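Visitor: Below are the chains, spelled out letter by letter.
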Amino acid sequence: MFSLRSENLGWSSARVLEDVTLDIGAGERVALLGASGSGKSTLLGHLRNQCPQDIAWCPQDGALVPMLSVFHNIYMGQLHCRPWWQNLANLVRPGAAALEQVGTIATRLGLADKLRTSVDRLSGGQAQRVALGRALFSPGHILLADEPLSSVDEHQARHLLDAILPAYDCSVVALHDRQLALACSTRVIGLRDNRVVLDAATDTLTLADLDRLY
Amino acid sequence: MRFDTTARGYRQVTLLLALAGLLSLVVADLGIHTVSPGDELRRLGAGLFTPDFLATGGLMAALANTVAFAFQGVALGVCAGALLATVWHWRPVRLFSAIIRAVHELFWGLLIIQLFGLSTLTGVLAIAIPYAGIFAKVFGEFLEESDRRPQTALAPGADALSRLLFARVPLIWDHMRRYTAYRLECAIRASAILGFIGLPTLGFHLETAFRQGQYSAGAALLYLLLLLILTMRWWLHPVLLPVYLLAALIWSPPVAPWRPDAWQFFLRDIVPAPLREGGTGNVTPWLQDLLSTQVLPGLGQTLLVGCAALLVTGLLGMLLAPLVSPFFGNRLSRAGAHVLLVTLRSLPEFLLAFVLLLCLGPSMLPGILALALHTGAIVAHLNGHFSGALTLRADRPRGIDGYFWDVLPRLYPTFLAFLLYRWEIIMRETAVLGILGIHTLGFYVDSAFAEFRLDRALLLIIAGVCLNLAVDGVSRRLRAAVRLSSSIRETAHA
Amino acid sequence: MTRFTLVALLAILGLVGCDQPSDSPNSGDTPATFTFTAIPDQDEAALVERFSRVADYLSAELGVPVKYVPVKSYAAAVTAFRNDDVQLAWFGGLSGVQARLQVPDSQAIAQGYEDQFFVTYFIAHEGTGLQPSETFPEDIAGHSFTFGSKGSTSGRLMPEFHIREQFGKAPDEVFSRVGFSGDHSATIALVESGAYEVGAVNFKVWEKALASGDVNPNRVSVIWKTPTYPDYHWVIRGDVDARFGDGFADGVQAALLAIEDPAILEAFPRQRFVETDNANYQPILETGRAIGLIDAP
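Residue numbers (my numbering), protein chains in the order written: chain A, 1 to 214; chain B, 1001 to 1494; chain C, 2001 to 2297.
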């Protein structure tokens, strides 16, 4: 799915990651670990640019439109799948079909009762789930998510990831919770000092291995 | 040792503006040319206390026209401005918007009357065109400063309109709404003023009443205009907007009688006279004569009045601000000051200048006073409002010490930024005051229209645009030099 | 909220629907209505009195609805005439010439009897000490001076012509301050109050103000009378016959010349109207060109 060969990532002025060599194949569930500023977002952004049409994208800050409802924010995942007049109609007055489709996803994320509430009235954890919902709603078959559940409690996070990840051909999820990473991934990639310093199957790793990344 | 402070930059900019203002005040003609201005003011005062609402016939129709023109003009301006704002990153669009908003509504009115006569369309376009430029700028900058992350989070491939409406516009919607409501208030003022050049709005009757010394009738019209503006927050409910707009369209549809010879305006009337006659050789003397006898004197006087007005505005703003600040005075003094400031702020400067001109005679004094009173009231109001948001320590100094040591330094960046933003608007207004007889650019523009020399009028208006762009550039540079924020821009564009 | 909106909507639309006045813009240009305007040369009260009578009279004589359209300035009167917002206008000498330059087939059809030999008065505030004189009063130089409207014949064109001829300089260079009062009533008021020391005024407006006691002769007095020139006249568009029927222009002319009602004539104030034509105003056109108010052909 992804293949990088000795690539330097980042902007021309500030190189964030050096000499990255990676192959990520179908069926893999990658957990991306590293201290903040270690380049997780940069790597995810680079992966997204490889094949943007195939990606279900969940950025770190959520990038939601706060004054719009949960419905509208999740709906945006399929904005490119519909003609503008349908989008406009759904913006002004959501149609029954769209409401049902989006409602299904909201229910999976535990947001069913918030569907018509604007995002600026939600808690941080709820807003994160909306951003994840937008990614789920988009038709991409590769999930790239940047700390999608950092404000959600461990138990629920694990439950959600377990439910979501199997549906994707391949996923790369940046996490900061090491136990969650061990529990939900098949492979861990660790970043430190502008380099990939760890790349191994999850079942060969222990918590102590992961602690060394920080 | 030299102080290395942020305040130093502010002081330097202030000094620069104050010097320009002082120089202008020294050179400007500030005489009072009526023999007994006191008598006239007394008669005016008596009129203000005895408003006569029945003296003017067709009052309600004038009121309805004023509102109808404003609503239609703003509606059209918002649509055009929003469209332009979507391509705000495009340099020609920014220049185009700057040019159309640098021309005052009255100048647009005088130009468009040539095409569409005294019709509703003229009134609507005179408001809509400059407002489109203003909306484009303000909305464009809202968009520029808004969060881009939601848009970048979208999967590629969505059409531009959907992206804009879902991921960009909702972020600035609230600002847009509030700004449009504020603009509507300005449009009602502008619409009223358009009566001065003959359109059937409140200004038509206001001009007649005041010029003929019927101050009671004039006062009634003035109060109606004030009432209309001050009660806006109650009658301007968003749900009712379409109703108002529809009513405005039914009341006076924006149409104009078709003129088969309208092409003459573009192909003959605005072509420089020597070119029209066929020879290109006479253009240079024509241009030289126009430059030396009208354009340059007009620009000079406009700059003079504008700079002087800016200084007086600043002084007034600083002096009046404590009157409405919660840290000074008592409830009664604040309420009184509030009423005074809101009244001055709600009256168009053109109208203030007109009334003062009648009382004080035709010098630059009424113009400077009118501009300074109107803008100074806005500045003071804003300053008072900002000072209300300050949290000051419990043992702060009080009174004059408190104002100069504790409050003013905190307010000063906002104050200065606002003043610099308003400079451009003051210049625009100064130019148009010439129509009343002060020898700024508008005087020559008005003369050119009176002589049916549209070529000259257009050239003079273009000169005014250049002056405005230059002042805008200087103001931008000064703001950048002392790193003043743009956050108050929203309120600064009146 | 919906019900509230509905009620408000009905109320506003109802109000607008029933109450649309006939004088709202655009509704006055149905082809059956013959409209006219006049240069606003004095107090609006006087104008309304004068022209509502004329409208009634013309309507009765011509058998079509006739409406007077008030305008704010001399230029607006000419523009309205050019744009066909009005088909007939009571112009001054200069504004009539300007109008005919812009609407080439229009005709001067009638002038006041007095307009054949019109005069401008130079008036001065008593504080100047200026005395009446038979020849041009050269000692007005250095005082402040006000014209009437920028487009006025008696208040601008002729006085400026004589000032330029006398001093060889533009008025700006002759006087300490030059203003444009807007109309003749305002000129009298400004000179009487001393806001301007000297002014140029339409002799008819002056004499009427003097007769009605609106002016204090001890404060302001006439110091010079210009030579005579042709002034106010009625101008009609050339296309009225096509729109209102053959012979319509002649009918208007006949109706104007036949006015005998002293109430109408006194409002102007003129003894009666007499026939005139475009050629009579050639001197005005030439004067306009001489002082640069009208571009040379």
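The reader is advised that the hints may include incorrect statements.
Stated by the list, open to error - Over 10 angstroms on every C-beta distance to chain C, these chain B residues come out as not near it, computed from the model: (1) 1034; (2) 1114; (3) 1213; (4) 1273.
Said to hold, decoys possible - Looking from chain B toward chain C, a few residues come up when the C-beta cut is under 7 angstroms (computed): (5) 1037; (6) 1151; (7) 1152; (8) 1198; (9) 1292; (10) 1359; (11) 1361; (12) 1437; (13) 1449; (14) 1450; (15) 1451.
Keep in mind that the hints were calculated from the coordinates and are not lab data. If you're wondering where the values come from, they're calculated on a predicted model, not measured in any experiment. Glycine is no exception: its CB is placed at the ideal position from the N, C-alpha and C atoms.
Visitor: Which numbered hints does this structure break?
Guide: 1, 2, 3, 4, 5, 6, 7, 9, 10
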